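Let the hints inform the model, and build the full structure from the sequences given.
Protein sequences appear in the order of chains A and B.
Each residue of the first sequence is one higher than the last, beginning at -15 in my numbering.
Each residue of the second sequence is one higher than the last, beginning at -15 in my numbering.
It is worth saying that the hints were derived from the structure and are not from the lab.
Please note that a few of the clues may not be correct.
Same chains, same names: a pair is fine if it fits in one copy or spans any two.
What the hints assert, rightly or not - Dumping the calculated SDA-like pairs for lysine to any residue here, alpha-carbon to alpha-carbon at most 25 Å:
hint, residue 1, residue 2
1, 75, 303
2, 165, 192
3, 212, 41
4, 142, 275
5, 75, 167
6, 197, 166
7, 165, 81
Quantities reported herein were computed from a predicted structural model and do not represent experimental measurements.
Number of protein chains: 2
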Amino acid sequence: MENKQIIFKGYIDRAPEITDMELRKSKISMREVVRSMEDGEIVVKNLYLSCDPYMRGRMRDFHNSYIPPFQPSSVIEGFGVSKVLHSKNHKFKAGDVVTGFTAWEEYSVIHNTAQLRLIDNSDDDDNSVPIPLSYHLGLLGMPGFTAYAGFYEVCAPKKGESVYVSAASGAVGQLVGQLAKLHGCYVVGSAGTTHKVDLLKNKLGYDHAFNYKTEPHLDASLKRYFPKGIDIYFENVGGPMLDAVLLNMAIHGRIAVCGMVSQYSLSTPHGIHNLNTLVSKRVRMQGFLQSDYLTLFPRFVEDVTAYYRQGKIVYIEDMNEGLESAPAAFVGLFSGENVGKQVVRVAAE
Amino acid sequence: MENKQIIFKGYIDRAPEITDMELRKSKISMREVVRSMEDGEIVVKNLYLSCDPYMRGRMRDFHNSYIPPFQPSSVIEGFGVSKVLHSKNHKFKAGDVVTGFTAWEEYSVIHNTAQLRLIDNSDDDDNSVPIPLSYHLGLLGMPGFTAYAGFYEVCAPKKGESVYVSAASGAVGQLVGQLAKLHGCYVVGSAGTTHKVDLLKNKLGYDHAFNYKTEPHLDASLKRYFPKGIDIYFENVGGPMLDAVLLNMAIHGRIAVCGMVSQYSLSTPHGIHNLNTLVSKRVRMQGFLQSDYLTLFPRFVEDVTAYYRQGKIVYIEDMNEGLESAPAAFVGLFSGENVGKQVVRVAAE
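Laid out in structure tokens, this is it:
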């Protein structure tokens, strides 16, 4: 049988392009694959794959980060939702649906199952709102948990505080904004198209939203929306936006640095000039990774599942069809072509 | 009688120069001054005045900071140690020595006495090591407390951690380094002359020290002294040093941003390019002002007085003689001409 794969061609030092990846069609014998399985391994059919900005960092020849770079000429690794076909692992059986690290291909042998989670819908009753499987890559996956840990643990929010979210309709931002509203905060978001701004205001419940690409002066825009300053900035973009935010932080404000997607592909990131306001306003700026907060993951799943089922939060996905579309979907993240969480459907459930 | 004063001439947007201040010799009648004293006021003779980098911010026409700008054509305000000559305040009597905000002149009427502290040496016994009065502007004053609050409260140090201090022989830095050594940390400092580096190593107890002006590559220097990364950076300078430090932070490192003295006089501060490491290394960068921690002040005085008397810490002062020398002493801070805490002796005790 055929196993289509997306291959990472080699390290880059600029914005990712579709041609940095290629589709490879290889033949596999499932009987052979099963025969050579080792203890603890499972064989899966990948259903959904996740396109996440952090993956850009793995395309760089830099080995001193929290996650190693991709191997050139090898299949791309990433989060996925997959169906177990064969198992030599007592935690999983054929037919189970799992989520965690898999590869950008149709069928994968997963050796490292330590962080794989079984998607357990057994406690759903007939009346409960069903949760789409792909949401385990977004709302209930790494991006959602990033929002949850970043907002509650890093931002240390208080009711009534003012919150600003950049990339506010993205996989992480859209949940941050909604959690902040549920927490009783005043929430403003920015995004890069009229359509996204409309979603922020009319679907995601932001108090205000603006298109950063059409605002002539970010500093003036922020002063308009935050006349008393920003208590919490959930930083997803970096660059000139961060510089404008620094000028508008309130005393004892907090900046949770989740990522700086506008900077990932610049060989020299934009210089930030206004850090002196960290002192005068006594601002805490904290970088974080969701992986440092995994003890909170069960509580996150419980809380966010409940919010979703109660209709208190929604989640916007951008679903591409077919493994072949994965490179374009990934590349689109860096020009903001995705609307919401970018997922690729590899196979029907 | 004559009352010499140092007058602030007007707002500037570049490095301060001696000619931005001028000496004014005015005549006062002490009898007149005493007659017009209001309730709560005291009249003092200033003994020592403090030159502090934060004062640069008050020379700018910017009214949105934590402290208002100086008034053009008015006498400069600053910390001092002063002897009470006349008092209409029940907390102070003639002959007392006080420290707090006073003015750059020989005699001052102090109206706002709320933050003035009486220097109380009454618990000194005959055997205790005497504490120079001028130390209340440094070791036991605002800079010392900045070091104390910044190190213990903002850096959250653990025994065995690696600590890097820039401007390490300065009014704040020299105490940070010594407190870090007492805490069981590995401590490296940088300064801008061979003499200062020698003091760091041979008088202040730093494990290592280097002259940042003669190091061809700051990044390489830091990698040499911190092969496993920097757990704590006490930031006094900003600019290219901060960028190099960001590349060398350890996972979960902390940066206490006390000031950025290299940047105060640039109309556009140096751009910082390496903030992305805040995420990958999960670094907390926190600006602070000592004034937010004043409840700890009594404990600070007790702790640091005891350390000093036990010979566990020393303090280096740079003492200029005469009010006339104050403008040059202040201007020298920004080119690193001071060796240790810069003080001006206005009158003999």
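Here is how each hint holds up against the structure:
Taking the shortest Cα distances, residue 75 and residue 303 never come within 25 Å of each other, neither inside one copy (30 Å) nor across copies (72 Å). For the homomeric pair residue 165 and residue 192, the shortest alpha-carbon distance inside one copy (12 Å) is at most 25 Å, but the shortest distance between copies (50 Å) is not. When the C-alpha separation of residue 212 and residue 41 is checked against a cutoff of 25 Å, the pair qualifies only between copies, where the shortest distance is 22 Å, while the shortest distance within a copy is 36 Å. For a Cα distance limit of 25 Å, the shortest separation of residue 142 from residue 275 qualifies both inside one copy, at 24 Å, and across copies, at 23 Å.
Taking the shortest Cα distances, residue 75 and residue 167 never come within 25 Å of each other, neither inside one copy (37 Å) nor across copies (47 Å). Proximity of residue 197 and residue 166 under a CA criterion of 25 Å is satisfied in neither setting, with 28 Å inside one chain copy and 52 Å between copies. Neither within a single protomer nor between protomers do residue 165 and residue 81 lie at most 25 Å apart by alpha-carbon distance, with minima of 32 Å and 54 Å respectively.
The structure fails to meet hints 1, 5, 6 and 7 from the earlier list, while all remaining hints are met.
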